[in-house]
Amino acid sequence: MPGSPRSEDARVIAASHDDPERFAEIFDRYYPEIRGYVDRRLGASAADDIAAETFLTAFRKRDRFDPAAGSARPWLYGIATRLVSRHRRDETRRLRALARASARPEPGADEDRATERVLAAQAAPDVARALAALNPGQRDALLLVALGGLSYEDVTRALGVPYGTVCSRVNRARAKLRAALAHLETEVADHG
Amino acid sequence: MDDLKTVRDTLAGERPDDTAAQAEARARLMELARTRRRAPRVPRLPRRGVAVLAGAAAVAVAVAGAVQLTRTPEARPATVGAFLLSAAQHTAAEKTGRYWTMRTTAHRLYRVGPRAAPYTIDYRQREAYWFARDARDPSRWSSPRATAAPVSAADRAAWRRDGGPARWRLPGGGHLDARPHAAEVLPWDDGKDLFAIDDHGFDVRRLRALPADPRALKARLLGYYTADSRDYGLDPDVPGDRTGWLYGQLSALLATPAPPDVRAAAYRVLATLPGVALRGNGGAGRAGTAIGRVESDPQLGGASVDHRLVIDRANGRLLADQRVVVRPGGETPWAAPGTLVAWTDYRMGWSAQDPPAVHRSPE
Numbered sequence: 530m531p532g533s534p535r536s537e538d539a540r541v542i543a544a545s546h547d548d549p550e551r552f553a554e555i556f557d558r559y560y561p562e563i564r565g566y567v568d569r570r571l572g573a574s575a576a577d578d579i580a581a582e583t584f585l586t587a588f589r590k591r592d593r594f595d596p597a598a599g600s601a602r603p604w605l606y607g608i609a610t611r612l613v614s615r616h617r618r619d620e621t622r623r624l625r626a627l628a629r630a631s632a633r634p635e636p637g638a639d640e641d642r643a644t645e646r647v648l649a650a651q652a653a654p655d656v657a658r659a660l661a662a663l664n665p666g667q668r669d670a671l672l673l674v675a676l677g678g679l680s681y682e683d684v685t686r687a688l689g690v691p692y693g694t695v696c697s698r699v700n701r702a703r704a705k706l707r708a709a710l711a712h713l714e715t716e717v718a719d720h721g
Numbered sequence: 095m096d097d098l099k100t101v102r103d104t105l106a107g108e109r110p111d112d113t114a115a116q117a118e119a120r121a122r123l124m125e126l127a128r129t130r131r132r133a134p135r136v137p138r139l140p141r142r143g144v145a146v147l148a149g150a151a152a153v154a155v156a157v158a159g160a161v162q163l164t165r166t167p168e169a170r171p172a173t174v175g176a177f178l179l180s181a182a183q184h185t186a187a188e189k190t191g192r193y194w195t196m197r198t199t200a201h202r203l204y205r206v207g208p209r210a211a212p213y214t215i216d217y218r219q220r221e222a223y224w225f226a227r228d229a230r231d232p233s234r235w236s237s238p239r240a241t242a243a244p245v246s247a248a249d250r251a252a253w254r255r256d257g258g259p260a261r262w263r264l265p266g267g268g269h270l271d272a273r274p275h276a277a278e279v280l281p282w283d284d285g286k287d288l289f290a291i292d293d294h295g296f297d298v299r300r301l302r303a304l305p306a307d308p309r310a311l312k313a314r315l316l317g318y319y320t321a322d323s324r325d326y327g328l329d330p331d332v333p334g335d336r337t338g339w340l341y342g343q344l345s346a347l348l349a350t351p352a353p354p355d356v357r358a359a360a361y362r363v364l365a366t367l368p369g370v371a372l373r374g375n376g377g378a379g380r381a382g383t384a385i386g387r388v389e390s391d392p393q394l395g396g397a398s399v400d401h402r403l404v405i406d407r408a409n410g411r412l413l414a415d416q417r418v419v420v421r422p423g424g425e426t427p428w429a430a431p432g433t434l435v436a437w438t439d440y441r442m443g444w445s446a447q448d449p450p451a452v453h454r455s456p457e
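So the sequences go chain by chain: A and B.
The working numbering runs 529 ahead of the 1-based position in the first sequence.
The working numbering runs 94 ahead of the 1-based position in the second sequence.
In case anyone wonders, no lab produced these hints; they're calculated from the structure.
Every residue gets a Cβ at the ideal spot worked out from N, C-alpha and C, and that includes glycine.
You can take every hint at face value.
From chain B, some residues computed to sit far from chain A (all C-beta separations above 10 Å):
| id | residue |
| --- | --- |
| 1 | Arg197 |
| 2 | Arg250 |
| 3 | Arg263 |
| 4 | Arg273 |
| 5 | Ala277 |
| 6 | Arg314 |
| 7 | Ala365 |
| 8 | Arg380 |
| 9 | Asp400 |
| 10 | His401 |
| 11 | Asn409 |
| 12 | Met442 |
| 13 | Ser445 |
One-sided and incomplete, this derived list gives chain B residues near chain A with beta-carbon spacing under 10 Å:
| id | residue |
| --- | --- |
| 14 | Leu98 |
| 15 | Leu105 |
| 16 | Pro110 |
| 17 | Arg122 |
| 18 | Asp271 |
| 19 | Glu278 |
| 20 | Ala436 |
Start from the sequences, fold in the hints, and give me the full structure.
If you want it as structure tokens, here you go:
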């Protein structure tokens, strides 16, 4: 598919071997979403640093990019995730703080939407606690799916672990998450 | 409630993109790019010296092993220890070649289809690898090709009623896709991450540097074990099953081009682990004997599986890695005790032949 972002990334990265400045196109295409992903995981100031570092690392390792993968997206998320993993303590501290924060939903006009918002706000401390309790492999896989919108196949590429491992990590992480939210479901059922 | 959405809602992010920070990041990248404009590519160095050292160590281990050799493939080992030591001796004595070739078929049973009429499919992914012993030779792999088939006659009938699909959505998210696609042979990025423990990837060079002494190998692997490194679904506050973790790492190491003496050491470490027992003969028409260790998962309602390794009695190679349900639950609550729920069949060995040429399917 000429012109699709998929084949375009591989073409640009190949061209950047002889013309390094071409790599700016990869930066322009993916910087905002990579920074957004890290912002959600570690907060804004770490996000600025790590997003910048992600593209420097990607540039240095551009020989390693597999053109068959097509899109550079999973590869970049993988690099960003490895950089995030150096800040695991900060992430855990952040999640624990979110777990302690009290849920204060705001009333809304639309009743259904309001219920949804109330639910989301009620769920936040439990979600944060469940995320803090996950082991790093499971958390990385889950957050690549939930925040990055990566498919399991993409997570395989991003983390360099086998497909089956990705499935089991995400499934286990989601099972724990659902277990942590089960009491909310029950409350909704009781009221509804 | 959509659990993934709750994650997105909880981790909202602090502030949107800052143009100054973005401009600064872009400037740093461009500065680096300019310095690389005329930098020559560094040629890769052969790793012959390391290979010679590994060979010498292999001889030492073969001599040190003072347990009787199982002469014929038919011989039945008396104990799990004797069997694993014989596998270690066969492995340590193996002759290496230019390429470590490996064909794998990973099977996993999934319960799919409509909620009212679910059925079980065997989802298979086939892959092939050609890992060069010498970095000057290219390493290749053939990307996974998936197929799927209903398990029983009843499953087949339910699958037909479901419209005979080749693609399924999984209840826990994600999908399975067994639609045919062309086989590809791709370059394997210098053989990195042949074996991985969490964030620690092992390429051929690092595999060769692993200790060939069982105690040292065990200590090295356990050195990577941290409270964070478990993938057994245990609560972080509960002491983890270090033995189960080590058993898993050793079984993964047996399916890599680690030098013969390192894989021999892996068998010797397995022989020392509590809970490892013989599980009889078998192995898909080959002369295999199985060992196993039951692993349980308190997080998943006490479900337990027997993690089996089928080993070739004739040459000590790993033939299969299998999970058999002991106590139903976890990810396969529908599977009865004794069901083989996930397994990988291996064919591995050294070869003198060139790997197939790179072949990409058109997008």
